[in-house]
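Chemist: Sequences listed follow chains A and B, in order.
Number 85 in our numbering belongs to position 85 of the first sequence; there are no gaps in the numbering.
Number 83 in our numbering belongs to position 83 of the second sequence; there are no gaps in the numbering.
Simulated from the structure, these hints should not be mistaken for laboratory data.
Incorrect hints may have been included.
Subject to a maximum C-alpha distance of 16 Å in a straight line, what follows is the list of computed EDC-like cross-link-like pairs (lysine to aspartate or glutamate) [unchecked claim]:
#, chain 1, residue 1, chain 2, residue 2
1, B, K97, B, D158
2, A, K152, A, D101
3, A, K180, B, E53
4, A, K161, B, D158
5, B, K161, A, E192
6, A, K124, B, D181
7, B, K119, B, E96
8, B, K119, B, E130
9, B, K97, B, E130
10, A, K97, A, D158
11, B, K180, A, D101
12, A, K51, A, E96
13, A, K97, A, D132
14, B, K124, A, D181
15, A, K119, A, D101
16, A, K51, A, D108
According to the in silico footprint, chain A covers these stretches of chain B (three or more CB under 8 Å from chain A) [unchecked claim]:
#, region
17, 58 to 69
18, 112 to 124
19, 135 to 144
20, 178 to 185
Positions of the beta carbon are idealized from the N, C-alpha and C atoms, including for glycine.
Number of protein chains: 2
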Amino acid sequence: MPMKIAPSEITICGRTYDEYIEMVKAFHGHVAPGMVLGGFLVDLAHQNLPKGEFFDAICETRACLPDAIQLLTPCTVGNGWLRIIDLGRFALSLFEKYTGDGVRVYVDSQKLNDWPELKAFLFKLKPKKEQDSEALIREINLAHTSIFGVQKVMVNLDAIKSSHRHTFTICPLCGEGYPKDDGDICLGCQGEAPYLSCATTGLQKTDTTTPVTKRLWGR
Amino acid sequence: MPMKIAPSEITICGRTYDEYIEMVKAFHGHVAPGMVLGGFLVDLAHQNLPKGEFFDAICETRACLPDAIQLLTPCTVGNGWLRIIDLGRFALSLFEKYTGDGVRVYVDSQKLNDWPELKAFLFKLKPKKEQDSEALIREINLAHTSIFGVQKVMVNLDAIKSSHRHTFTICPLCGEGYPKDDGDICLGCQGEAPYLSCATTGLQKTDTTTPVTKRLWGR
Chain A
1 MPMKIAPSEI TICGRTYDEY IEMVKAFHGH VAPGMVLGGF LVDLAHQNLP
51 KGEFFDAICE TRACLPDAIQ LLTPCTVGNG WLRIIDLGRF ALSLFEKYTG
101 DGVRVYVDSQ KLNDWPELKA FLFKLKPKKE QDSEALIREI NLAHTSIFGV
151 QKVMVNLDAI KSSHRHTFTI CPLCGEGYPK DDGDICLGCQ GEAPYLSCAT
201 TGLQKTDTTT PVTKRLWGR
Chain B
1 MPMKIAPSEI TICGRTYDEY IEMVKAFHGH VAPGMVLGGF LVDLAHQNLP
51 KGEFFDAICE TRACLPDAIQ LLTPCTVGNG WLRIIDLGRF ALSLFEKYTG
101 DGVRVYVDSQ KLNDWPELKA FLFKLKPKKE QDSEALIREI NLAHTSIFGV
151 QKVMVNLDAI KSSHRHTFTI CPLCGEGYPK DDGDICLGCQ GEAPYLSCAT
201 TGLQKTDTTT PVTKRLWGR
């Protein structure tokens with residue numbers, strides 16, 4: 001078993017462990033095991049960055065890890081520097097945006113045998129209700145980055161190029177702006193909108209001055 | 001032209017305008033016009049929430065708006081409460097997760113004629129370099145929520161159900177854990193990984209204690 005490290009000795013992209021946990025609570029809503037694991041994974045990637053100035057991120061899962069990346073790097077979904085390509089693997093890459101030169105970090109399955117709770121969590125061997133969250137997070141902290149692997153990657157920049165939508169026009173059906181390349185009517189009116197019904201209302205906005213608070217664990 | 005409101009009078013989900021702008025800088029990296037517009041849109045949606053306790057979000061564009069939602073509501077990509085369905089429309093819905101009952105807010109194209117910079121921005125009528133960012137953000141602030149529309153929607157919960165991946169196994173090619181439902185080998189090894197090359201290295205992590213800072217506008 002690798003050397004045990006107390007959370008107080010762990011830093012995550014320059015933050016203390018406790019600072020990161022507070023960030024997680026505020027943004028993600030609760031301290032999910034995947035967010036702790038994800039923080040360590042982002043930290044390891046960051047420590048192995050190749051030379052370069054502008055790094056983009058690829059996240060290979062939708063679960064938790066995108067939030068760790070958004071909290072700890074400049075890359076977010078909305079600024080376009082984080083792309084989620086859901087391959088179902090708990091892994092991420094940081095790469096230089098002009099050359100594609102990058103680092104990939106992942107969970108190494110061969111290193112999980114010493115960590116039964118963590119293995120059960122990653123392979124979904126237990127129903128969530130039977131999960132011992134405290135024991136799991138304790139194991140994640142003890143394992144720290146010892147269960148990860150690091151790879152040098154060259155990202156296929158053509159494959160991840162986002163479709164640029166240069167020209168916008170008004171959809172003759174819904175009357176909203178949409179990218180002309182999508183067709184004569186917008187994708188929503190082509191049947192891709194996820195609504196059973198949609199009706200313009202005379203809803204009035206009310207004055208609310210209370211901040212929306214993050215929902216808590218247990219939802 | 002609708003009544004002008006000074007930024008100092010604007011609140012966004014209970015925050016002051018300036019507080020929100022600081023949040024945007026810290027998370028998104030720069031004060032993008034779409035983030036200001038997005039903040040007002042999320043605020044209007046929030047003010048028109050139907051009754052209910054647990055709200056999820058749908059975002060109909062990948063540009064900026066997902067970050068406004070992540071900053072101002074409990075919904076993030078990583079906790080699964082925000083789904084991005086990229087229809088290319090600057091619109092979002094907040095809906096009760098068990099009933100689908102929700103509110104959709106959008107930019108009403110018919111209300112843009114008083115706002116030339118804003119119209120040029122939304123319909124990409126000008127190259128980004130010719131955009132007068134200050135004038136644009138001034139217009140966004142003056143227009144505030146007057147250019148938006150509100151709709152009552154019923155979300156098709158079946159259509160947005162995420163594919164649950166219950167069983168994980170080890171991919172015989174890459175050796176990493178992946179959802180068994182994806183096939184005999186993981187999606188990455190099936191050719192969906194965006195890498196031209198990928199090699200395990202003996203990269204050593206180095207000790208970095210400086211926080212990763214957000215990159216600034218102008219990148």
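Chemist: Confirm or reject each hint.
Modeler: We went through each hint and held it up to the structure:
no.	hint	in the structure
1	B/K97 - B/D158	holds (11 Å)
2	A/K152 - A/D101	holds (8 Å)
3	A/K180 - B/E53	violated (38 Å)
4	A/K161 - B/D158	violated (30 Å)
5	B/K161 - A/E192	holds (14 Å)
6	A/K124 - B/D181	holds (13 Å)
7	B/K119 - B/E96	violated (32 Å)
8	B/K119 - B/E130	holds (14 Å)
9	B/K97 - B/E130	violated (42 Å)
10	A/K97 - A/D158	holds (11 Å)
11	B/K180 - A/D101	violated (30 Å)
12	A/K51 - A/E96	holds (8 Å)
13	A/K97 - A/D132	violated (40 Å)
14	B/K124 - A/D181	holds (13 Å)
15	A/K119 - A/D101	violated (31 Å)
16	A/K51 - A/D108	violated (25 Å)
17	58 to 69	holds (count 9)
18	112 to 124	holds (count 3)
19	135 to 144	violated (count 0)
20	178 to 185	holds (count 3)
Consistency with the previously given hints fails for numbers 3, 4, 7, 9, 11, 13, 15, 16 and 19, ordered from lowest to highest.
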